Each structure stands twice: as C-alpha cells, then as structure tokens.
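Asks: Go ahead and model the full structure; you've got the sequences and the hints to work with.
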Amino acid sequence: MTRRMLGRLANPQLLALVGVLLINWLLFPSFFRVTWQDGRLFGSVIDVLNRGAPVAILSIGMVGVIATKGVDLSVGAVMAVAGAVAASLVVAGYPAPVAVIAALLVGLLCGLWNGFLVAVLDIQPIVATLVLMVAGRGIAQLITQGFIVTFNDPLLIFIGTGSFLGLPMATVIALVLLVLVTLLVRKTAIGLFIEAVGVNRAAASLAGIRSRMLLILVYALSGLCAAIAGIIVAGDIRGADANNAGLWLELDAILAVVIGGTSLLGGRFSVPLAVVGALIIQAMNTGILVSGFPPEFNLIVKAGMIILILLIQSPLATRIAPRRPQRARIGVQRTAK
Amino acid sequence: MSETGYVLEARGVVKVFGNHVALDKVNFGLMPGEVHALLGENGAGKSTLIKVLTGAYQPDGGEVLVESQPVTLNNPQHAQTYGIGTVYQEVNLLPNRSVAENLYLGHQPTRYGFVDRRRMERDARTVLARYGLDLDPGSELGTHSVAVQQIVAIARAVELSGKVLILDEPTASLDRNEVERLFDVVRSLKAQGLAVVFITHFLDQVFAIADRVTVLRNGRLIETRALTDVTRTDVVRLMLGKDISFSGATALEEARPAGEVLLDFRNYGRKRSVHPFNLTIHKGEVIGVAGLLGSGRTEMARIMFGADPADEGEVRVAGQKTAIDNPTDAISRGFGFCPEDRKAEGIFGELSVRENIVIALQGKLGWFSALNRDEQMEIAGRFGEAMDIRAASLDMPVKLLSGGNQQKVILSRWLATDPAFLILDEPTRGIDVGAHAEIVRTINRLRDEGLALVVISSELDEVVAYSSRIVVMRDREMVAELHGENINPGVIVQAIASNQTGASA
Amino acid sequence: MSIITKLALAAGLATALSSGALAQDISGKVVGFSQIGSESGWRAAETSVTKQQAEERGVDLKFADAQQKQENQIKAIRGFIAQGVDAILVAPVVATGWDDVLQEAKEAEIPVVLLDRGVEAPEDLYLTSVASDQVKEGRVAGQWLVDNVGSEDCKVVELQGTVGSSPAINRKKGFEEAIAGHDNITIARSQTGDFTRSKGKEVMEGFIKAENGGADICAVYAHNDDMAVGAIQAIKDAGLKPGTDIKVVSIDGVPDIFQAIAAGEANATVELTPNMAGPAFDALAAYWADGTEPEKFIITESKLYTAADDPEGEYERRKGLGY
Chain X
1 MTRRMLGRLA NPQLLALVGV LLINWLLFPS FFRVTWQDGR LFGSVIDVLN RGAPVAILSI
61 GMVGVIATKG VDLSVGAVMA VAGAVAASLV VAGYPAPVAV IAALLVGLLC GLWNGFLVAV
121 LDIQPIVATL VLMVAGRGIA QLITQGFIVT FNDPLLIFIG TGSFLGLPMA TVIALVLLVL
181 VTLLVRKTAI GLFIEAVGVN RAAASLAGIR SRMLLILVYA LSGLCAAIAG IIVAGDIRGA
241 DANNAGLWLE LDAILAVVIG GTSLLGGRFS VPLAVVGALI IQAMNTGILV SGFPPEFNLI
301 VKAGMIILIL LIQSPLATRI APRRPQRARI GVQRTAK
Chain D
1 MSETGYVLEA RGVVKVFGNH VALDKVNFGL MPGEVHALLG ENGAGKSTLI KVLTGAYQPD
61 GGEVLVESQP VTLNNPQHAQ TYGIGTVYQE VNLLPNRSVA ENLYLGHQPT RYGFVDRRRM
121 ERDARTVLAR YGLDLDPGSE LGTHSVAVQQ IVAIARAVEL SGKVLILDEP TASLDRNEVE
181 RLFDVVRSLK AQGLAVVFIT HFLDQVFAIA DRVTVLRNGR LIETRALTDV TRTDVVRLML
241 GKDISFSGAT ALEEARPAGE VLLDFRNYGR KRSVHPFNLT IHKGEVIGVA GLLGSGRTEM
301 ARIMFGADPA DEGEVRVAGQ KTAIDNPTDA ISRGFGFCPE DRKAEGIFGE LSVRENIVIA
361 LQGKLGWFSA LNRDEQMEIA GRFGEAMDIR AASLDMPVKL LSGGNQQKVI LSRWLATDPA
421 FLILDEPTRG IDVGAHAEIV RTINRLRDEG LALVVISSEL DEVVAYSSRI VVMRDREMVA
481 ELHGENINPG VIVQAIASNQ TGASA
Chain A
1 MSIITKLALA AGLATALSSG ALAQDISGKV VGFSQIGSES GWRAAETSVT KQQAEERGVD
61 LKFADAQQKQ ENQIKAIRGF IAQGVDAILV APVVATGWDD VLQEAKEAEI PVVLLDRGVE
121 APEDLYLTSV ASDQVKEGRV AGQWLVDNVG SEDCKVVELQ GTVGSSPAIN RKKGFEEAIA
181 GHDNITIARS QTGDFTRSKG KEVMEGFIKA ENGGADICAV YAHNDDMAVG AIQAIKDAGL
241 KPGTDIKVVS IDGVPDIFQA IAAGEANATV ELTPNMAGPA FDALAAYWAD GTEPEKFIIT
301 ESKLYTAADD PEGEYERRKG LGY
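Chains as they are written, first to last, in my numbering: chain X, 1 to 337; chain D, 1 to 505; chain A, 1 to 323.
Check each hint, because a few of them may be wrong.
Examples of chain D residues toward chain X, derived with CB under 10 Å [claimed, not checked]:
1) 65
2) 66
3) 160
4) 302
5) 323
6) 326
7) 327
8) 332
9) 339
10) 355
11) 360
12) 362
13) 368
Keep in mind that the hints were calculated from the coordinates and are not lab data. Predicted, not measured: the structure shown is a model, and the values here were computed from it. For glycine and all other residues, C-beta sits at the position ideal for the given N, C-alpha and C.
Replies: As structure tokens, then:
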C-alpha cells in the first residue's frame, strides 16, 4: 500500500509541479507565505490554486474527450456562453439559482451538440468542435449584445470569489469535480470503456461497447465543465465578457491534459494528472507575475518550460534515464486503474 | 529481337523485407495480346511482384526485362515510359477535377505554355469513345459511377503507357453489369495487342476473361498454366497448396448425436455484402466455413454477429425470433466473435492483458456494474491459465505479446462472457505452432462442452478435423453445405471451384 | 438629445472653435460611414455617437459594418461613391491598401475623413483624419498622478495592454514621459493584462503578493478601464481600499469606471472619446461653406475625469451608448 502511494507520487507531472514551484520560490522568496485574512487563506500559492481552477475544470472535461482520440476546441467559447447566460438572467431579474442551472444546462447542451456531431454524424472532432468554437463566441456576444454585462448578484459573486474553509470557491469546486469525475470513471466501467474506444474503436464496437453513447457522454461532460468554468470566471469579475471570457483557454486545457500524460492519440488517461498539468501551467503564470520579468518574455518563458516538461515525459527520456521513469510508469498505471 | 516473345518478364526475382522473403526466385512472363490472371491468397506475393514489375520496389535479386532487354525501373512513372501502366483497386484519380483533366493530368496538351483546355476535351472525347464511354469530358469525375471511373483510370493508363496494363483487383467494388462492361473494355484492349495482368479473388472472372494463370504461394511461383488446360479445382488446389488426394483420407468429425438447435438463419443476408443464406446450428457442433479470400466468408461472420446488420431474412435463437442489429445485441444473446484482423479489430494494444480479457464481459455487465481490480485479476488469471497465455504479467500491454498469445487473449475475452455461440474468423492464421495447437484443442474442448461454433479457416485439413459440417462460400454466396463421411479437403476444393451450387457428398 | 449635444460640444470643442464652423448648416447632406465592426464596447459607442451626431445635424448617414474586413470596407466605399454621397467617413481596419479606393473617391470629388486610426496613403487622398493621441492619454494620466502624490515616494504598478499593441506602447510611453523627472514616482512592476478584466485582476493579485501584500503599492496605472475594474476587485479581495490605499488611474472612460469613481474606488480616467464624428462633421461643414482646408490631423481632446466631474452623471450619459 505504501509502495503504491510512493509510486503514485513519483510521477513526472508531480515532480514538474514541485520543480516549477521551487523555481518560483527561488525567484520570489515569499512565494510560499500564506496568511489568514478576512476569513480566507491569502498568498501566491493560493493564487495558483484559485487562478488555475478554471483551466483545471476544463481539463477534467477535456481529458475524457482526448482519451477517446478526440479534442474539444469549443470549451473556451462555451465558457463565454455560460457566463453570458448566467449574467443576463440575473440582470433580467431571475433568481441566481435559476441562472446558474440555466447556464449549466446550456453548457451541457453545447456538449451534447458536439457529441452528436462526433458520434452520430462521424465528423472529425477537431472540425466538429471548431464549429462551436467560432459560433459560441458569436452566440455569447449576441446574448450580451456586445456589452460586458455586470451584475451584483451575491451567489454568482460567491461562486467566483467566495471562499469555503478558507479556500477559494473556485478551488473547492474544482476539487469536488475532480473527486466526482475520478469516481465516475474509475468506480464504474466508463474509464475502461473510454480507454478502449480511444485505443481501438473498431475493436471496442466488436467487444460490445456502445461507443456512440460513450462519446456523447464525454463531450457532454466537457461542455458541462466548461459551463462551470464560465460561471466561475464571470463571477470572478462580476461580469460576463463575451469577447474575452475563456479566450484561448481551450488550448491551455489541452496542454494541461497532455502535460498530464494523456496522449492526443487517445487511450490511457488520468483525471488527477490532468489537473496537476493545469496547476503546472498556472504555477508558471503566477511565477512570471511575481518574478517581475518584462511581459515580453511571458510566452517565451512559458514555452521553454513546457518543452522541458514534455521532454522529461517523452519516451526518449525514459530510455536515457530508465530508473526513475520506470517507477513513474507504474505510478501512472496505478493511478489509471 | 524478342527471343521469348514476352513483352514484360520477371526472371528469378527475389525480394526480401527484413528476414521475410516476400518473393523467392519468381519467374513471370507476359505475352502481348493476352490476359494473364495472377492468383494467390493473402501474403502470397502478388502485390510485391506487381510492385517490382512497375518499379515501385527494386528487386533484391533476378531481373526485370522489357521486350527481352534487362531494365532498371526506378519508379512507376519510369515504368510508364517503358509502356507499363497500372490501375489499382481504389481509383487514385482526382474526383473533383474533370474527366479530361484526369485523363491528361501531368501531360496536358499546351498552347503558348498554357493548358489548351479545348483541345484536351476534344481529345478526351475521342479517347473515351474508344472505351465506349459517351460522357462530357468537362464533367467532374466524382459524379460518375465507380465503374466509369475505373474505365477512365484504365484509359489514362493505356494512353500513357500502351503495352502492358496491370489491373489490381479492379472489380472488387463493382456489381455484375459493371464487371461485364469492364471486361468488354479489357477484351478490346487485348484485341489491340495489349498485355493485361489481372489480379482478382473471383475465380469465375478468371475463367471468364483470362488466357493464362499464374499462381503464387508464400512468395514462390507455383505454376503458370493456360486456362484451357486447367479446371477450377486445379486452380484452387494450386492456391491452397495442399497435395490434396481425392479419396476420403481425413473424414469429418464422426456424426454425433445432434444437440438441440441453437441458431437458425433463414434467408439471412445483406445487400452488396452476402447473398441470403440458410444455416442451422446445433449446440455442440462446429461449422467449418471454407472459401477463398473475398468469397464472402468474413462478411457472413460479421452479419451473424451484427457488426454489419442483415437487411433481409430472419434469425431464431433457441427458437425465438430475434433481431441482431449490432454486436451488443449479439453479445447479449451469448455470441462471441474473434475477427480475422487481430490487430485492427481485436486487441487493444495499449491496454493490459487483464483489461483485454475482461472488456467484453464488462461490456455485457454495462457501465455501472464495474468489475473491481481483484475481480478482473481473478477472471483474467483463470482464463489466461486455461488458455495457457504466456505473459510476464497480466498488467503488461497486450501489444507486447506474440500474435498467438494475442489470439488466446481474444479467445479468453469471449470465454469470460460464458458464450453459447462463437464465431472464429481465421483463428490460427499467422501464429506459432504451439499457440496453433492450443487453439485447435480449445475448439474441440468447447464443442464437447456444448458450445456452437462457426470457424472460418483456410486450413482445410484442420477444418475437416474438427467440423461436423462445412459450408462453402464463393462469390459472396453460400454455394454448398457439405456433410457426411466422405468429406475431405479434396471435396472442399472441388466445391470451392465448382460451378454448380448445392454440391453434397 | 440635449445630453448628446453636450457630449458633442465637450469633445469637439477644440476643433469646432478653431474652425469656427459650428454655425454652418450641413443638413440634407448625405454621408457614408464605413465602420470596422463592433469588436469592443468603445467601438459600439462610437457607432451610436456617430449616428446621433449625424441625426442632430440633419445629415443622412449611410452606415456600413465591415465586420473586421478591409475588403468589405473597400466595397462599401465604392458603393458610397456610386451612390454619389457628399462625404465619406472611414474607420480603417488596417493601415495599408487604401490608395486605389481613396483615389477613386478623390476623382469623384468626394471628401474622405478618417476616424480614430490613420492609413499609410498620400495625405492628399483624404480631407483629414480625426484621432486621439495615445501618447497624450498616457501623459494626462501620468500628470494626474504627479499632481496628486506631491513629493511623497510612490511605487506604481502598471497593467499594460496586449504586448506589442500600439495603445499599450504609446500609453506606456506617455505615462513615463509625464513622471520623468519626478524621482519619487517609480514604476515598480509592469505586466500585461491583455486589456481584459479577468487578466487585470489576476495580474494585480500577483503584484499585491509581490509588493508586501499591497502595502508598498501607492498607485496602479492601467492602460484601459477594464483592467482597472479587475484590479479594483483584486485590491478589495486583498483587504485594501482601492482609491484610498492604492490610487487607481486608467484610460478610456467607459461607464463602469465612472461608477467606480463615484464609489471612491477609482480616482481618475482619461477619456478616449467615442465622438470622432463631431469634429469630422465640423471640418466638413467648414470645407463645404468656404473651402476651408482643415488640419490634416485633428486630435481629439484627452479629457481627465475625477470624482469632481460628476461621475454619476457621466455614467448615466454613457451607459446607453453601447459600451
């Protein structure tokens, strides 16, 4: 049992996260300083958890899609749509719970649409979700009529900026989702089926797996996660910004999943490691902010770090340094169980 | 100048891939004005030979001669300059360009350096007329039927080369009328003195159009014969390669007390795939399916399993009329299916041996009754041991196992679902001797335990040994159901080759 | 309508007075307006203000939305020429590729006025261009800070626009010019907030952590109001009072920042006026009246608004404009 725990911890993703955090600490010595303020934890590490939550939530949905050899480019746009729906409804006087549920349903609907295009009409995922990536932002702009729709609804603001047991609400929501989705895929057969469809859809069909239903499910989940992230982001700035909410976050989510060790060719996946991937990305963003580099270097620093992390995970690195990654591989497998 | 009279010849050609000898000193000669059929099962070396003759591959030994002069063909374009043109099964033209453009692509008639479209279309019209095609050369190629596209491809190949035309399974996706139309074109080309190489799986077509036949097997030349000298039986025997005697040597599994009827397929079929067939299967019996590649044997298996649903006829399972529209339906009624292409349709390469074994059972249990890890280990261990799967660990990826062990994993997968009926498509192809024996033993054991099995195999001796009946497929049709005591590979070969239906011994 | 008049007067004042053309009647004139699109709230406001300015002057405005495509703008301008309009207003989506179509307008003797962005074309192809001076905007913001901190030491954090964009470069430059020579004011940190609220908030959170929980920060300068609104939230989340503990100065003058100023959470904003059309019409009026050639580059006023400038009223005036 302890060995299993050790194996779980010694994987390249967690090592990379620790590495990035250590670099942040070197650049900014009080990086790990956390204080208690106004009934909540306050510090750069908390910022990482808080700011990383939207991408972490997106990656929780994205990882299942990518494991089926698909991809969901529409999540950023769906965030904008969900935020726009929630904001417009509370501004129009509907109770906040109604607005939240409506936004979640709209996200789910977007996911079902993607799933329908991919599973039933057999459109390539990258093309199918591109439709909503482009159209979604337009829909969001139509809903908000081009304004940033600002609101003062306490529930929406609480979802975006509140705290629970001292932790930012966004972090708590991401954590709950992580646990729920991990249980959903690992305590049922869904995870195994997702991997089977991703590895070999023809064989999965012949083995009696209803791959169509499964694909619709993973895209629907991705849409739902995007809606949750969209509500958080809107609540955070107390407004729905159709032009900018979730802009390019689909790429961060895909990157998080890839850093989390799930291949874009489908197959083996891990929800917790995708979330770790999201935290790595955010730790870099926050690190750049507190380090005081000129903004012109942001993208270069980020790209360099990502290349380094992906290299550490690559099969080549496994061959050059066989000892550590071997343990790591067992770790991945165990987590993937 | 020409001593042999061959327009194109391969002399002692050798081609090696890694340590696999794909062609072993093969001789092949092509006369002008003949249609020469090239036959052989998968892996016999047909396509390798074609690729050597068209310059796609360079031979590792021997030589290629054009009109008795040794030549080096660098690539198919180079071969074209020697008059050798090829048409592949999948038309590789541009469906969204015009017929005329496709005909002249790469060497359009030009005027002042620009494509002379008007002349091109005028020329195209004359050329197409020679092939009996009256269509607008300006129309998009993709708007025409596959047969017309094939003829355009042939016209292009002949216009470009003009001495030798190689047709690689040109009829695979054509219906009967379209095949006739294509044959008319081939006959007229032959009358013009062109040499045509014709590759197909359909024996009827060979006898309908070819003058001579060359049979390859396992990379070796078996024989080249004039079709006037051989019977269908001879050809099938050459292809399957057994020195088959025609008196009963190996008898069928002795008639056993027939169990109760498990399955009854009535007029069961699917358009453009398999003609309707009738088949009754009892518990505790193995039905062997014999037929050449492309005879419809795999299609029949897929229809039975619902992988391609039947669109006519009906099936009864244990007397109950039922619908099998997809594999899930089939599995819920106790069916299992080991497909022919293990890698593409059978195994989940990245997943573990354990997961590969439990996946069908888990599929049957559904999304929410998950087997936990211990249960999976127990099931995988039990069936793995029963099938003698040689794997270092049940958690290793199945792709690291040998072909034979992968086949055992797939068989275990179905046995774990406690099936009543198993369909095995070429279960022993391409696996080592040990695994082969294990699988044959398992087939016998399952039959004795009361399972019903359908086994498709090219290994006629083997099929005869464990089957109680044998059905023969030809041209996507069930042409015979053989039973009785005197069944032997020879009889099967005759049935495969025979022209009449309903042979019985 | 009187509110609009006031706004037009305020923004167009400098040009209008100098040309003395306000009295000229241009009602009945037909003017084509090729707008870029509606990619931002400010752009939408510019469209509505332009329509109101035209209506007020009795000008028949033909509006064409180019949806971010130059080809649509060229098409629209050719359409205007064919219709024989009296003048054309263009907010060009890109700087290059205008020579031909401007030449066509010139040959048809239709004056063209460029709004809020310049083009790389010979100056004789258009009558004038009306635009704000981004460097000046930054300078006004910086001057406000200089005037308000006096001689105390002041560490400023800067929220830049999108890296490499011209407003980000110019507004940074102007601000630095204004604080140059005041050694008590230093820019401690500068990062990009991509002109968005959420990035503005995220970056400000980082700054606060990096500067001793925000205690060391004297002021935040944001290249646009949206980032400032995000920063204000970050300051509040850190338990500090925006506007008091940390001064907030930004640029654009969108409605939400006036609300923040009214609430004491922001201190100042420099307006980028959406009224580019007012000065344009005035220049046209003078031109038609007696052939007065306007200046080639009309610079709109970069007006500073603080709590003393009736922020509630400014908010009310702006909120219907499409921001």
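Asks: Next step is simple, just say for each hint if it's right about the structure.
Replies: To see whether the hints hold, each was checked on the structure:
1. 65: violated (44 Å)
2. 66: Result: violated, 43 Å to nearest chain X Cβ.
3. 160: This interface hint is violated because 35 Å lies over the 10 Å limit.
4. 302: This interface hint holds because 9 Å falls under the 10 Å limit.
5. 323: violated (16 Å)
6. 326: At about 8 Å, which falls below the 10 Å cut-off, the nearest Cβ of chain X leaves the hint on residue 326 (chain D) intact, so it holds.
7. 327: This interface hint holds because 5 Å falls under the 10 Å limit.
8. 332: holds (8 Å)
9. 339: holds (6 Å)
10. 355: holds (6 Å)
11. 360: Since chain X brings a Cβ to about 5 Å from residue 360 (chain D), closer than 10 Å, the hint holds.
12. 362: Because about 5 Å separates residue 362 (chain D) from the closest Cβ in chain X, which is inside the 10 Å limit, the hint holds.
13. 368: holds (5 Å)
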